[in-house]
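Student: Kindly generate the complete structure, drawing on both the sequences and the hints.
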Amino acid sequence: MEERTRAYLRGRFRDYYRRATITPPPAANEREWGYIPWTESPGTTMVRHRSLLELGALEDFLERKRPQHVYFSAGRYTDPGASSMGEKDWRSSDLVFDLDADHLPSVTLGEDSYAEMLAKCKQALFRLLDFLEDDFAFEDLEVVFSGGRGYHVHVRDDGVRHLDREHRREIVDYVRGIGLEYDELIETETVSGLGRKTPTERRTLKIDGGWGRRTHRYFMAFVDELLEMNEEDALARLQEFDGIGEGKATATLNAARNNREGIEAGNVTVHTAISQLAERFAATAVERDNAPIDEPVTTDTNRLIRLPGSLHGGSALAVRRIDRDDLADFDPMVDAVPETFVGHEITVDVDRGGDLELGGESLSIPEGTQTLPEYVAMFLMARGRAEKEKE
Amino acid sequence: MQRLHARYPFLEAARESVASQTVDLATVVEQDQAVVDRAHERVVAALEAGDTGEPHRDTRTELLSYPVARVLVSLVNERILVRKYARAEAEDAFDRFTSDFEDTVELKSASNDGLSLDTLLSEFDLEDAVRAVPNEDGYRIDVGTYLPLSADCWGDEWRLVNRALADGEVPIDERELYVLVQEAVRERVEDGLPFDVPDPIAQALEDEVEEIREILANLELTREIDTVVPDLFPPCMKALLDSIQKGEHLAHHSRFAITAFLTSIGMSTDEIVELYRVNSSFGEEMTRYQTDHIRGDSSPTEYSAPSCATMQSYGDCVNKDDLCERISHPMAYYENRLDDEDEDDLEDWREATGGDGEEETEA
Chain A
1 MEERTRAYLR GRFRDYYRRA TITPPPAANE REWGYIPWTE SPGTTMVRHR
51 SLLELGALED FLERKRPQHV YFSAGRYTDP GASSMGEKDW RSSDLVFDLD
101 ADHLPSVTLG EDSYAEMLAK CKQALFRLLD FLEDDFAFED LEVVFSGGRG
151 YHVHVRDDGV RHLDREHRRE IVDYVRGIGL EYDELIETET VSGLGRKTPT
201 ERRTLKIDGG WGRRTHRYFM AFVDELLEMN EEDALARLQE FDGIGEGKAT
251 ATLNAARNNR EGIEAGNVTV HTAISQLAER FAATAVERDN APIDEPVTTD
301 TNRLIRLPGS LHGGSALAVR RIDRDDLADF DPMVDAVPET FVGHEITVDV
351 DRGGDLELGG ESLSIPEGTQ TLPEYVAMFL MARGRAEKEK E
Chain B
1 MQRLHARYPF LEAARESVAS QTVDLATVVE QDQAVVDRAH ERVVAALEAG
51 DTGEPHRDTR TELLSYPVAR VLVSLVNERI LVRKYARAEA EDAFDRFTSD
101 FEDTVELKSA SNDGLSLDTL LSEFDLEDAV RAVPNEDGYR IDVGTYLPLS
151 ADCWGDEWRL VNRALADGEV PIDERELYVL VQEAVRERVE DGLPFDVPDP
201 IAQALEDEVE EIREILANLE LTREIDTVVP DLFPPCMKAL LDSIQKGEHL
251 AHHSRFAITA FLTSIGMSTD EIVELYRVNS SFGEEMTRYQ TDHIRGDSSP
301 TEYSAPSCAT MQSYGDCVNK DDLCERISHP MAYYENRLDD EDEDDLEDWR
351 EATGGDGEEE TEA
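One line per chain: the protein sequences are A and B, in this order.
Here the UniProt record's numbering is used: the first residue of the first sequence is 1, the next is one more, and so on.
Here the UniProt record's numbering is used: the first residue of the second sequence is 1, the next is one more, and so on.
Take the hints with a grain of salt, since some may be wrong.
Taking CB as the label site, the calculated pair distances span [claimed, not checked]:
#1 360/A - 190/B: 52 to 62 Å
#2 183/A - 134/B: 20 to 30 Å
#3 339/A - 238/B: 51 to 61 Å
#4 320/B - 360/A: 45 to 55 Å
#5 46/A - 238/B: 36 to 46 Å
These aren't lab readings, by the way, just hints derived from the structure by calculation.
Glycine included, every Cβ here is placed at the ideal spot set by N, Cα and C.
Tutor: In structure tokens:
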């Protein structure tokens with residue numbers, strides 16, 4: 001990045017911070033703060049281990065330093081400005097989740113556009129929120145667009161702030177479906193059946209919560225789909241599974257027809273074929289429901305996270321808190337464009353052009369010197385795809 | 001009450017009772033040999049049998065032996081002793097409170113010596129986090145409380161991913177609740193250990209401490225492995241080593257896992273480089289850097305091999321066998337296999353290959 005470009009970005013970041021109202025996170029003075037200044041050297045140096053006391057009033061600080069990136073810690077400490085973690089004296093930590101488009105299995109890097117990647121990321125975010133709001137019943141959630149390639153969720157419920165990294169790893173594994181054992185989702189009960197000499201075991205899928213409930217949901221949908229088909233189609237559908245031949249398919253279909261109620265209640269002993277089939281849907285549930293969060297972000301109780309309301313130096317987009325009710329309609333390519341950069345045009349030399357959807361417009365940007373809406377030019381400069389031209 | 005406190009000396013009320021009755025611990029240690037003997041037995045039994053031995057008939061002696069036992073554990077000052085001792089106290093507590101609960105149910109009233117579940121739950125501030133499910137045997141516990149208490153519980157069934165979590169609560173059955181309470185006891189006992197002991201008390205207990213040290217040394221709990229027999233490696237490590245030797249690209253965490261494992265079993269950087277060398281594209285530079293880093297030569301931390309849970313998280317847990325079901329750490333697997341082998345039959349890879357480590361290289 002050329003000095004002229006950097007100077008321009010810094011200047012405009014200051015203009016942004018002059019007008020912006022930044023709401024700090026709760027207990028801001030118990031957190032560590034860090035930032036990356038605009039520097040000439042190619043390597044980025046983070047200034048960290050700062051307390052709010054050292055930085056001064058947040059908005060003043062941002063206007064004065066207009067940093068490239070600003071972060072605060074998920075952790076809260078007795079002495080957040082101390083230079084080592086030991087001296088800081090950890091007290092508690094927000095539970096933070098990070099969804100990054102780069103890490104999503106559904107994203108094809110190099111093929112999906114930025115907007116497409118972020119759209120897929122939002123789908124994953126909804127899956128994540130399903131876990132957090134439903135399974136975990138967290139109440140103090142803050143959803144944030146990262147300004148870059150994804151979303152963050154900050155959970156601050158009292159009940160989880162004390163958890164250390166191992167405990168948080170259990171939460172990560174839960175959300176990602178890692179370590180799921182079908183057998184552990186089954187409850188075994190000994191029943192002395194009518195007219196039976198020896199008691200038998202009844203195995204029931206735990207359908208009241210967890211991955212058992214999710215497995216059951218997909219399995220029932222499949223069973224109902226089967227029951228709506230005619231015999232021939234249903235048998236053919238069942239035989240699409242590995243290891244299910246005609247005999248097993250017939251047995252499964254009969255069991256489904258004769259005992260849908262039992263299956264609905266989670267009873268997988270109605271027929272061995274049913275149990276084996278249900279097991280496959282545990283994998284289906286994980287494949288469809290899991291949220292591919294970035295593990296180290298959640299398990300690191302000292303992690304620094306981007307400050308909502310600040311600017312992302314790699315995109316010149318704003319890091320936005322999103323109201324839960326507005327999430328469905330939130331479009332990062334429109335809603336994260338800072339107001340300050342709208343309504344002006346500037347001249348830049350584009351090094352790498354391409355298609356870009358930003359600010360509600362689809363642009364096809366050629367290479368070379370041109371005049372562009374400022375927020376587009378800022379985005380390209382911040383990404384290292386354009387340099388500022390002399391006015 | 002005295003008897004209740006002697007049975008459950010970790011209770012807050014028991015601690016207060018000790019504090020109110022005792023002149024000071026130094027006097028007890030100097031003048032009451034029965035207490036010191038019982039305290040010594042508590043610790044020795046924890047090491048040798050995993051329990052805390054026979055309770056003393058005299059409840060005062062029994063009660064006072066607990067704080068003195070904690071002093072002994074502190075004086076020995078070994079991590080492994082703290083763990084074993086806390087575990088033993090917790091196991092005995094488990095046996096006692098489960099039998100108390102049964103008595104309570106049978107007699108329909110709690111006797112003065114017995115402890116009720118409600119009392120125990122509130123002792124550990126669990127009364128709000130644990131709720132009985134109406135009309136059923138089970139309970140529900142808040143997930144934020146469940147996770148720390150279940151962290152050291154062994155087995156897949158304790159992992160959150162296999163739990164029917166709903167509305168922020170984990171359903172547990174009665175036995176599981178008792179196990180979690182046992183964990184709370186263990187944490188309570190372990191909390192604050194080891195602490196600083198004033199000199200006069202330390203001097204009075206010198207003999208007891210020395211004896212415990214000897215027992216500890218003979219148990220070889222802290223033994224270090226220095227044997228390299230790849231055939232006995234856990235399946236996960238075998239698979240990773242195999243991939244490296246085939247020249248396959250390994251993710252950073254996988255490479256870290258195998259290298260940390262090899263370092264923990266006593267291999268030097270040179271030897272690890274040698275073992276990886278079967279394939280020419282293994283990246284010697286990278287291996288050296290990483291191995292030195294893991295060993296702590298080039299970084300402030302010495303890293304240890306990841307646990308089974310971590311290996312699972314990264315998808316590196318493969319080809320599980322029966323032994324895998326019984327251990328929770330790849331190192332434990334390897335130790336087990338080494339123990340099962342006749343020592344004379346073990347052929348250390350380093351001796352077998354000698355200077356000809358590259359024999360198979362060109363194959």
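Student: Now, for every hint given, state plainly whether the structure supports it.
Tutor: Verification of the supplied hints:
At about 59 Å, the CB distance of residue 360/A to residue 190/B agrees with the hint of 52 to 62 Å. Range check, residue 183/A to residue 134/B: Cβ separation about 29 Å, and the 20 to 30 Å hint holds. Judged by the Cβ atoms, the range 51 to 61 Å given for residue 339/A and residue 238/B holds: they are separated by roughly 59 Å. Residue 320/B and residue 360/A have their C-beta atoms about 53 Å apart, which keeps the hinted 45 to 55 Å range intact.
Residue 46/A and residue 238/B have their C-beta atoms about 40 Å apart, which keeps the hinted 36 to 46 Å range intact.
The structure meets every hint from the earlier list without exception.
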